[in-house]
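J.: Residue numbers (the working numbering), protein chains in the order written: chain Z, 1 to 210; chain D, 1 to 210; chain X, 1 to 210; chain G, 1 to 210; chain S, 1 to 210; chain U, 1 to 210.
Please note that the accuracy of each hint is not assured.
Because identical chains share one entry, a pair is satisfied inside a single copy or across any pair of copies.
Claimed, not checked - Derived SDA-like pairs: lysine to any residue, alpha-carbon spacing no greater than 25 Å straight-line: (1) K141 <-> G61; (2) K141 <-> E50; (3) K137 <-> E118; (4) K202 <-> S136; (5) K137 <-> F122; (6) K202 <-> P162; (7) K141 <-> E207; (8) K137 <-> S120; (9) K141 <-> D48; (10) K137 <-> T98; (11) K202 <-> N37; (12) K202 <-> E34; (13) K137 <-> D191; (14) K202 <-> A97; (15) K202 <-> Q184; (16) K202 <-> V138; (17) K141 <-> P78; (18) K202 <-> H63; (19) K202 <-> T40; (20) K141 <-> L131; (21) K137 <-> T68; (22) K141 <-> H35; (23) K141 <-> K202; (24) K202 <-> V64; (25) K202 <-> H35; (26) K141 <-> P65; (27) K137 <-> P65; (28) K137 <-> V39; (29) K141 <-> E34; (30) K137 <-> V158.
By construction, these hints were calculated from the structure, which means they are not laboratory data.
There are 6 protein chains.
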Amino acid sequence: MATHILIIVSLLAIISAPVTASDPSPLQDFCVAEHSNSVTINGFACLDPELVNADHFFFSGLHVPGNTSNALGFGPRPTQIPGLNTLGINLARADFATEGVLPPHTHPRASEIVTVLEGSLFVGFVTSNPLNRLISKVIQKGDVFVFPIGLVHFLYNVGNAPASVISTFSGQNPGVVMVPGLFQTNPSIPDEILAKAFQVDKSVIRELRS
Amino acid sequence: MATHILIIVSLLAIISAPVTASDPSPLQDFCVAEHSNSVTINGFACLDPELVNADHFFFSGLHVPGNTSNALGFGPRPTQIPGLNTLGINLARADFATEGVLPPHTHPRASEIVTVLEGSLFVGFVTSNPLNRLISKVIQKGDVFVFPIGLVHFLYNVGNAPASVISTFSGQNPGVVMVPGLFQTNPSIPDEILAKAFQVDKSVIRELRS
Amino acid sequence: MATHILIIVSLLAIISAPVTASDPSPLQDFCVAEHSNSVTINGFACLDPELVNADHFFFSGLHVPGNTSNALGFGPRPTQIPGLNTLGINLARADFATEGVLPPHTHPRASEIVTVLEGSLFVGFVTSNPLNRLISKVIQKGDVFVFPIGLVHFLYNVGNAPASVISTFSGQNPGVVMVPGLFQTNPSIPDEILAKAFQVDKSVIRELRS
Amino acid sequence: MATHILIIVSLLAIISAPVTASDPSPLQDFCVAEHSNSVTINGFACLDPELVNADHFFFSGLHVPGNTSNALGFGPRPTQIPGLNTLGINLARADFATEGVLPPHTHPRASEIVTVLEGSLFVGFVTSNPLNRLISKVIQKGDVFVFPIGLVHFLYNVGNAPASVISTFSGQNPGVVMVPGLFQTNPSIPDEILAKAFQVDKSVIRELRS
Amino acid sequence: MATHILIIVSLLAIISAPVTASDPSPLQDFCVAEHSNSVTINGFACLDPELVNADHFFFSGLHVPGNTSNALGFGPRPTQIPGLNTLGINLARADFATEGVLPPHTHPRASEIVTVLEGSLFVGFVTSNPLNRLISKVIQKGDVFVFPIGLVHFLYNVGNAPASVISTFSGQNPGVVMVPGLFQTNPSIPDEILAKAFQVDKSVIRELRS
Amino acid sequence: MATHILIIVSLLAIISAPVTASDPSPLQDFCVAEHSNSVTINGFACLDPELVNADHFFFSGLHVPGNTSNALGFGPRPTQIPGLNTLGINLARADFATEGVLPPHTHPRASEIVTVLEGSLFVGFVTSNPLNRLISKVIQKGDVFVFPIGLVHFLYNVGNAPASVISTFSGQNPGVVMVPGLFQTNPSIPDEILAKAFQVDKSVIRELRS
């Protein structure tokens, strides 16, 4: 099962690259990310504005479902739009097989709005104050739901057909912190720490890792 | 024709209520807008967190097209989501009849990403530096395109069928400044000022107003 | 007339270079813009602080009127102050011949305060909510007036003598989006789109372009 | 065991009240939180400045250890300082019995610096890009370590004596999202969702809940 | 002399009311300050937009010199513009008799640009890194000079005629911290602390106080 | 005595390097400062994330007192943590001999919380509105006190034993503007300006300089 999770978590990692929220404001019309620049800064250096064209603000293919043939039944479709650099927004598509799940995770640098394109999903987030309250709902085609920045949230396909959503983020690089990833870190967090933290036997931690 | 424009511009105005970008960061998990509060502040006062439930983060009906039976052939479908207050993001749907147009406009408080659900649109924005360069593209189903904050942009249905998009914004209340609205202000900007500003005869201004 | 507008709009373009609002905060005492740096970022790279001197925070000549001998009767006097980089503020002077006009425009990245040095101007801005309300006033020597970020505003000399103002901006690079520039983009926005958007005959659009 | 966790997680919740980062800037010298104000806003309303005194900027007792007599061996000592409202900073003390642990958690609204007062702790955080890399270290008296905003981190007493730290946060209300809390939400996240998300049998989820 | 300073410092205090920098962004077109609102927040509550008119964005009288008949030879002319709330900008006029001085001070919440209307001033600011470097210049009519946020700066009339400037600020409420005010606090900072801090005899501190 | 002050002020300068508040938000998990990068920007360029390790988030030795054998009896212990770049927080330790003083100063880019490790200190800050009000308190071991951003504050050891504090800042580079440094600038501010500003004889200014 460990391999499954590794593969899946790797898939999930793709979604983290392109997304953000409450980002610093732009200081010019646009600052198209110049990914090839050797200087690494907060965000990205800008391409010479004279070299900018419409394709830097464009991405195609969000009508095509992501591949959900994996243990989670989840298919992410991230975008890559260099023109979003400094603009404080991003988006992605995600697909779900029947009973497919996007596991509990947070975005450290963005709030999110999901819009359901097809299907029926049980979605929710957990508040920190009041403590650990679950705010959840079943959402259908044409529904939208909000996940506030930094809170743990999840999506689960409760319909009997595939489901798909568009996720938009209040930042250019939201990041994604998958809760199950805690059991797959490199190097590992020692068993005794996780066992004590979750108040379970080490054997439970080993099952979560495998 | 003036009546047409007035009606249409009024329609467009609806879209401005729910949207923003680079907003101040939240200082708690969420601050659901309490629209009934008598105290008006930057953004909105928060509902007592104990009274918050999933419906405050929810909106439905974005799968239903907006009404495009008007002179512009444009049907906006704004959202109303009190849970977005302080989160720096918003969204809306827009529909276009054949040759329908969303006239040139700016959002003073948000960048925007449009995602095409159906149809084929010619979209573009105008840069301020370099001066008045048009960056445009025909976009199709599954394509996305970015409009940077504060720049004039437009969408026009160039296909031979209705078109629809989801627009997401990097702020909770983007606002919308319609360029044609300049000729429909209350009270009016005097003819001689607009004639001089656009370097045309006053009769042209009068035609734009009518 | 097209040539007139092109020349004038070019003049206006100068004003856009030096101006901004709600900019990211500085992370050191100052970051004097090093315009010669080959790395382009959000804002500008900083000059080595050891090379900084008083002249980087200085500009002269704002007592000299701008040249208003053009079709608009408008003479901009932008500034160039490398020390303003990261500081969230900028300023410029503008002069107006009798009946001179600064056409309707927005600053995407700054609010503005004008202070009248000489003369009498009719000034105003258009709100987006309530929709298209004009807030205007005749202002005289010693008066100041505020234009909120991103809203369309204009100035017009209603006195029988030249007028001049100091404009200050809440950002280092406000940008300027001239409404008449919409009819002078490169490449052009197709006539049928603008005709539909403004609900006028294409001949009116052609007059606005010429 | 469930009771243990509930008690402990409740203890942990206390730490979330007083903490934040990248908060909106203050618009006056200070804005002492007026917790009794009936109007709830982003952050807190301000006490009348005439009523402000030194005690609003003061808190005492951080030299006293927190109570670690619980299943985690962890004793939080949060602070309550109304004068911190709008200032983008906060702090707390935490104590650890031998083998005491502060379980994996995130702060959605603050980066953190821990300073070790006494003892020896194994601390670490997990990055989101590169995916799930653990960055960790054993830290001793006089050492400091940084946890970037929104990333999962933990502390574990590896010495053979009690340990204590001062934690400072880059925000007035960081919030705390405890990973083990995911199994203690109210209402519960259904077993089948968590089992699928973690790729384990439902019995494992039930052990984590108990 | 103590009375002189008290009077003068009181005069100076007026300048602090109207001014700011890097302020939180607006979430609507404008938020005119409603100073009569009983709820005190970060900045000010907003007047009902339906009650807003042009006068809320207007101030007059900046062509009239401030009164410089005092020991410092300095006459501040602050402004009061409720429409500036949330817009991150402010301005004031200041006048100087021959040898008039605006003593060393900082603005904790704004950078500043001064524009000379008349006369000749020696102006400067002190950097913190490199340590205590003075960056200064004599500026004349039509010159502008920049004071970065939070750094100590001063202005002194070196001409043989009155001088006047317009000061603009990158924030709605910059605040002003006068260095000489340190010797006039209520209650006083004990003599022994200031004597040790400045490495002088207590008699020198007493002279500074008188 | 001038030499004393010069040495001491130089010591104090060290504290300014490592500190900030209300900084721009991070756009990735972390951006470890690459101090060797030849490109200077607002803040620092980022080290290649692949080269980042735990030591970049670590600093040791804060349990060791600073050297207070100087005229002020003040020993600063600044930190150097490259991983703090973009995170909006910093910290330092400071030690005080009996009657040791940290002279009145401001941090232009951070609020501060001091936590007393040992001893008894008289601390205070001066407000700008109301004008020049001193807010002060004697604080002991385990007490914390807040200094709002940009306001003048000081610490003085009133106990009969050494005292020490941990200072944390709401920014990565707070800066420090020492008030006594005004009399030690390079080049000097002319005597006649300071004499007029402080309303004292030039001989008093000369004493303050020496």
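J.: With reference to the structure, classify each hint as holding or not holding.
T.: Hint-by-hint comparison with the structure:
In this assembly of identical chains, K141 and G61 lie within 25 Å of each other by CA distance both inside one copy and across copies; the values are 20 Å within and 8 Å between. For a Cα distance limit of 25 Å, the shortest separation of K141 from E50 qualifies neither inside one copy, at 42 Å, nor across copies, at 29 Å. When the C-alpha separation of K137 and E118 is checked against a cutoff of 25 Å, the pair qualifies only within one copy, where the shortest distance is 16 Å, while the shortest distance between copies is 27 Å. Taking the shortest Cα distances, K202 and S136 sit within 25 Å of each other only across copies (21 Å), while inside one copy they are farther apart (31 Å).
Taking identical chains as interchangeable, the C-alpha atoms of K137 and F122 lie at most 25 Å apart only when both belong to the same chain, with a minimum of 6 Å there against 37 Å between chains. Within a single copy, K202 and P162 get their C-alpha atoms only as close as 37 Å, which misses the 25 Å cut-off; across copies the closest is 23 Å, which meets it. When the C-alpha separation of K141 and E207 is checked against a cutoff of 25 Å, the pair qualifies neither within a copy, at 36 Å, nor between copies, at 35 Å. In this assembly of identical chains, the alpha carbons of K137 and S120 lie at most 25 Å apart only when taken from the same copy (10 Å versus 34 Å across copies).
Taking identical chains as interchangeable, the C-alpha atoms of K141 and D48 are never at most 25 Å apart, the minima being 42 Å within one chain and 30 Å between chains. Proximity of K137 and T98 under a CA criterion of 25 Å is satisfied intra-copy only: 17 Å inside one chain copy versus 37 Å between copies. Taking the closest pair of Cα atoms, K202 and N37 never come within 25 Å of each other, the shortest separation being 46 Å inside a single copy and 46 Å across copies. Proximity of K202 to E34 under the C-alpha cut-off of 25 Å is found in neither arrangement, the shortest distances being 47 Å within a copy and 40 Å between copies.
Proximity of K137 and D191 under a CA criterion of 25 Å is satisfied inter-copy only: 16 Å between copies versus 35 Å inside one chain copy. In this homomeric assembly, K202 and A97 come within 25 Å of each other (Cα to Cα) only across copies, at 20 Å, whereas the closest approach inside a single copy is 32 Å. Taking CA atoms no more than 25 Å apart as the test, K202 paired with Q184 passes in both settings, with 15 Å inside one copy and 19 Å between copies. For the homomeric pair K202 and V138, the shortest alpha-carbon distance between copies (22 Å) is at most 25 Å, but the shortest distance inside one copy (35 Å) is not.
In this assembly of identical chains, the alpha carbons of K141 and P78 lie at most 25 Å apart whether taken from the same copy (20 Å) or from different copies (16 Å). In the homo-oligomer, the alpha carbons of K202 and H63 never lie at most 25 Å apart, since the shortest distance is 44 Å inside one protomer and 35 Å across protomers. In this assembly of identical chains, K202 and T40 lie within 25 Å of each other by CA distance neither inside one copy nor across copies; the values are 41 Å within and 45 Å between. Taking the shortest alpha-carbon separations for K141 and L131, neither the intra-copy value of 31 Å nor the inter-copy value of 32 Å comes in at or below 25 Å.
Taking CA atoms no more than 25 Å apart as the test, K137 paired with T68 passes inside one copy only; the shortest distance there is 23 Å, against 31 Å between copies. When the C-alpha separation of K141 and H35 is checked against a cutoff of 25 Å, the pair qualifies neither within a copy, at 36 Å, nor between copies, at 27 Å. Taking the shortest alpha-carbon separations for K141 and K202, neither the intra-copy value of 42 Å nor the inter-copy value of 30 Å comes in at or below 25 Å. Taking CA atoms no more than 25 Å apart as the test, K202 paired with V64 passes in neither setting, with 42 Å inside one copy and 33 Å between copies.
Proximity of K202 to H35 under the C-alpha cut-off of 25 Å is found in neither arrangement, the shortest distances being 43 Å within a copy and 43 Å between copies. For a Cα distance limit of 25 Å, the shortest separation of K141 from P65 qualifies both inside one copy, at 15 Å, and across copies, at 13 Å. For the identical chains of this complex, K137 and P65 are neighbours both inside a copy (23 Å) and across copies (24 Å), given an alpha-carbon limit of 25 Å. Neither within a single protomer nor between protomers do K137 and V39 lie at most 25 Å apart by alpha-carbon distance, with minima of 45 Å and 29 Å respectively.
In this homomeric assembly, K141 and E34 never come within 25 Å of each other (Cα to Cα): the closest approach is 37 Å inside a single copy and 27 Å across copies. For the identical chains of this complex, K137 and V158 are intra-copy neighbours only, at 11 Å inside a copy versus 38 Å across copies, given an alpha-carbon limit of 25 Å.
Hint check: violations occur at hints 2, 7, 9, 11, 12, 18, 19, 20, 22, 23, 24, 25, 28 and 29; the rest are consistent with the structure.
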